Structures are given as C-alpha cells and as structure tokens.
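2 protein chains.
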Amino acid sequence: MSRNILFALWCTAQAALMSFSATADTLPPVAIAIHAGAGTMNRHDMDRQTEAQIRGVLLEAVQKGHSVLRLGGTSLDAVQAAVTHLEDSPFFNAGRGAVFNADGKNEMDASIMDGSGLQAGAVAGVHNIRNPILLARKVMTDSPHVMLMGEGALVFAREHEIEFAEDDYFYTEQRWEQLQKAKLQGSDKSAGANWQYPDRWMSTVGAVALDSHGNLAAATSTGGMTNKSYGRVGDSPIIGAGTYADNRSCAVSATGHGEYFIRATVARDICARMQFQGVSLQQAADAVVMGELVKMGGTGGIVSVDHKGNIALVFNTEGMYRASVNTAGDIQVAIYQDDDAVAEATP
Amino acid sequence: MSRNILFALWCTAQAALMSFSATADTLPPVAIAIHAGAGTMNRHDMDRQTEAQIRGVLLEAVQKGHSVLRLGGTSLDAVQAAVTHLEDSPFFNAGRGAVFNADGKNEMDASIMDGSGLQAGAVAGVHNIRNPILLARKVMTDSPHVMLMGEGALVFAREHEIEFAEDDYFYTEQRWEQLQKAKLQGSDKSAGANWQYPDRWMSTVGAVALDSHGNLAAATSTGGMTNKSYGRVGDSPIIGAGTYADNRSCAVSATGHGEYFIRATVARDICARMQFQGVSLQQAADAVVMGELVKMGGTGGIVSVDHKGNIALVFNTEGMYRASVNTAGDIQVAIYQDDDAVAEATP
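Residue numbers (this note's numbering), protein chains in the order written: chain W, 1 to 347; chain C, 348 to 694.
The shape of chain W in the complex, shown without the other chains (with noise of 0.2 Å):
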C-alpha cells in the first residue's frame, strides 16, 4: 500500500521535472488530455490505495503522451500512446481491463482521427486485440475504410500483424464479479431488456493533444458495458460521436452513456459549434455536456483541446478519471468534481 502511495509520490515529482523542462522548451506550445472514464465516483467509495495507483497510471499516461509532444512527434503519437497506457492498465474499462458482455466475453471498439486530413480509423466489436487503438490506427493508415467491425476487423488485424492476446490476458476479478453482479441484479442477455444500472457503463478511455506542428488528434477505447448485449455499438468508435478532431476547430474524446453521445453526435456537436458560433472551446463544450446532455438525460463527459492548445474537461457526472498537460506545461490528474484545487506538480 505504501510502496503504490510512495509511486504516485515519485511519478508526481517526476511531472514536476518534465513540467519545469518543457516550458524551457523553444517548440511552439503543446497541449495533451486523457479521460479514463466519468460516472459515480466519490472519495468515501474509493479506497486510498486505489485511488493513489489510479492517480499514477493517469500521470503516466498523461506523461507518456506529453514527451511524445515535447520531442516534436505527432499528435496521433501522443494520444496513442497515451490510450495504449490505459488499454495496458487493468484499471479501466478498455484493453486489458476491459468488461465483460452477457456472453462472459471482451467485446472491445476503438477510433483515432487526425484533424490535420480528417483521416480517421475505427474497430467495433473486436475481441482478444491486445490494444484496439492500435487496430484503428492500422485501419486509418492501411485500409481504403475508416470502420471495419467483428470477425472482418480481425481479419484485418491479422493481415497486418496486431498484436492477439489470450482471454486469459484480459481476465480480472474485478470485471467477472462485475459481471456476476449484473446478472443478478438484472437478466439483460436480450438487447431488448430492461436497462437500469447506469455503472456499467461509466467508463471508457481517450485522449486528445494538439502538437508543435498545429495538428490535433482525438482517440477513444473502450471494453462497453458490463453484461451488455452481443453486438451494442456505443460512440466510442463512431467518429463523430465518441472522437472527432479538425484542426479548425478541436479535438474531443467522450466518455459516457454512449447511445446519448450517438444521437446528439457530442464530439463533433462540440467543433461544429467552436467552427460556426465563433464561441470557445469551454463554451462549446459546457454547452454540449451541461446544456444538450443533461436535457436529453445523458450522463457522462469530455476532454477536448483546441487549435490554440486550450484544454476543456467537462462531466456531467460526480467524476472523471482526467488528467491534462496544458500550453504551459502545468499538469493536472484529477478525479473527482472538487478536485482541481489539487492539481499535481504545477511548478
């Protein structure tokens, strides 16, 4: 327990270093964000050596992102190793850590886009992929499609060399208590059934950055929900929805109750008003998530940058799993909705 709270300690210390180094730096301003999920988070619910592991795997998600930016690579770099971190992580729901549907299994989707071209790449329904952003990277680069699902994506992945891994791999106790709990609580092996436990469905991973080259890129991956039916799409891989990056505009990576994210098309609702209103990122944002969400009922959140390297992380839920990098080089890791005031390592 101590050693996970001395890690946190350390990873702090270390973004402390990187934030001092990287506004020393001569490269136009950088800017990075991850989210890891939004719902029903409060402190009395989490114990303190969770939660500091958590805070350490977003900090060095966050980082990882953030060096690809400093050292000039590309935005689709950095939020692609950002989300590889968190597919790694058996935290959250996404990759290794990804829940298990009605059937016991891993059903996973994934979306990137480049807001320099448009160019976008997307997967549903793919199981036992080692980390799906990587499978819509390759669907974006090296297919004619941006979406390919099921049996055909991994096809496709095997075709071009991603990386499988064993259930086994992906397999937590965590998740198939999740799942056992589901089932009781609820038989929901129809898509048609009844649909009351918002939990299952609060989380999901992205990130965003804008880089030294003025480009943005959005990514998104996601496990679903818990004990959800056999073939449920969410917006994690429906561009526009889940993910959405222009470099008029900005970039956002959503996370929530995915078939209101679908119908009010939340990441792209959010440039389309930055573009056409004139108004800032906050603004679009909040009145995307505060204002067309919460009318509609859907719960959840988004992290998003814009062409200028502002950062806007907004949930309409009691938290998110955020973490961000701004312009400055200031770092934030945050959970809860009160927990700006203890941003991490800002020099």
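Keep in mind that the hints are not guaranteed to be accurate.
To be verified - Each pair of labels, with its calculated beta carbon distance range: (1) Lys183/W x Phe511/C: 23 to 31 Å; (2) Leu418/C x Tyr336/W: 49 to 57 Å; (3) Gln174/W x Thr488/C: 30 to 38 Å.
Bear in mind the hints are in silico, worked out from the structure with no lab data behind them. Quick caveat: nothing in here was measured; it's all calculated off a predicted structure. Built from N, CA and C at the ideal position, the CB exists for glycine as well.
Chain W is fixed; fit chain C onto it per the hints.
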C-alpha cells in the same frame, strides 16, 4: 417494355391527382424527399425501359411516403413507407437489391432518426433481413441501444419477430454479375486491398420528411459495396454521417462514398450549419456536399428537408436517383443533373 412506360405514365397521372388534392388539404405543410443512390449516371448508359421502370419505382416510393403525411401520419412512418418500398425493389442497392460482398453474401446496414426527440436506431452488417429499415426502427423503439451489429442484431431481430428472407430473395442476376466483374477487376478480399472502382459504392436508398405535426425524420438503408470486405461499415448506419434529423434544423439522408461521409459527419454538419450559422438548408447542403466533400474528394449526394418544409437535393456526381413532394404538393422525379426541367406532374 411499353407496359412499363405505360405504368410510369399512369403513376405520373396518379401523382398529378394526388398533388392536386394535397394542395387542397387543410393540414399544416408536409414535405418528403427520397433518394436511391448517386453516381456516374448518364442518359447514354441506360436503356429507356430501365429508366422508365426506375422513375416509376421512385414515384411510387415518394407517393407512399407522401400519402402517410397527407393523412396526418408521422414523418417516421412516412420515411419508413418510402424506404421499405425502395428496399423491396430489385433496382436499388438495399434490401432485395443489395449487392454481394466479397464472400458472395448480402450484408446490409440501415438507420432511422426521429427529429422530435433525437431518438435513433441503427443496424450494421445484417443479412437475410427482408427490410433492414424495420429492424433499425425496432432497435430505436424496443431496445435501450441505438446501434446493434452483426449476429447480435440478428438475435434481436428474431426476438422481435422481424421478417427474414431466404438467400434467393436477395439474388438478382445483375448484382451477381457486378460481383463477378468486380472480382475480375481486382482481387479485393482483403480490407486493405486497392479500392479503385468507385461505381461499386454508388448506391443506397433513403428518405426525409416533415409531417403535419412539425416533426422531421430521416431514414437510410444500404447493401454496402459490391465485393466489399466483410465487416466494412459505411456511413448509412452511422447517426450523424448517413442519417440525421433534428426538429431545430433539418433531416438529412446521404448516399455516396461512405468513408468520406463519416469523416465529414455529413448529415450532422448540414444540420449544424443551419442551426449555428443561421444559413438556409440549401446553403448548408451546398457548403457540405459541393464544398467540404469536394475538397476531400468525397463523391455522392444528400436529400434533405428542413423544419419549414424546404427541400434541398444536392449531389456532386453526374446523377442521383431522387424524388420529392414539396409543401405545395409539386412532385419531382429525376435522375440526371439537368433533369430538374423534366419534373413530373407539376400541377
């Protein structure tokens, strides 16, 4: 041959009658527009019999939808009536006339959206469903989800008594020959293979409508691309790309090279420009289809209607199968770019 031309003339006469009685109605204004694909159509490529038959089916479809509206029915029922009629025709790449994918199967997508509450339903990669648009609507009304794909969508279809059809229902000699030709032109079993034959994806059917209650709806259905890779998802089932409806702005259904339509979130973008820029439907549709899409290299078109009943039919290809009935009851059935002059049955 002459029977078909006679039939088309009879339809035209019926349309004139309907048009006359529609204008005499006391209902608030209603309007509908449909499409059945866009592409490299020119008068020299098509024999007159086929052309007359196609115009006949377009007229029937738009009339079916318009009848629903004239009787005070909903825009959802109107677009469904029009799209099921187009799906039932062997001429268009949707439902019965769906093309064959690289595995010699019919793999279909569809989506529907209700502009009054932003409700939506979509299915991707389904086979042996007689009318995929009915399944999309069932997903909207009877499941907690917006989008279901593949086998999961078929399980849902069986549970909800959606009509299935045998393989031979979907077999049309023309589509089979197209597949053989496409296979000869290029081996494309891989999702990553070359993609050189744009005429393969130029077809999809769709409808948009405004009802007398002031509600908008949009629906789109497709059989995808001839010889397409198994698992490819185009824009038709993507809410925001191929289909969008919002009472605050407009309803849009698209047809064309789906990858570009996804990346540009075409349907949502047209609605967003109306909503946020305050431009007319025609201006918004022109900006997206003749501006954004052309810049990207994306070919295709859209049909759209706004909350006042204005209609915009815009395409950047040589032709688009289309038909509409405006608020004055004027009926138009057209194929080519210079076809507007030969609108049928204008009272």
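Evaluated hints:
no., hint, verdict
1, Lys183/W x Phe511/C: 23 to 31 Å, "holds (29 Å)"
2, Leu418/C x Tyr336/W: 49 to 57 Å, "holds (55 Å)"
3, Gln174/W x Thr488/C: 30 to 38 Å, "holds (35 Å)"
Violated hints for the displayed structure: none, as all numbered hints are satisfied.
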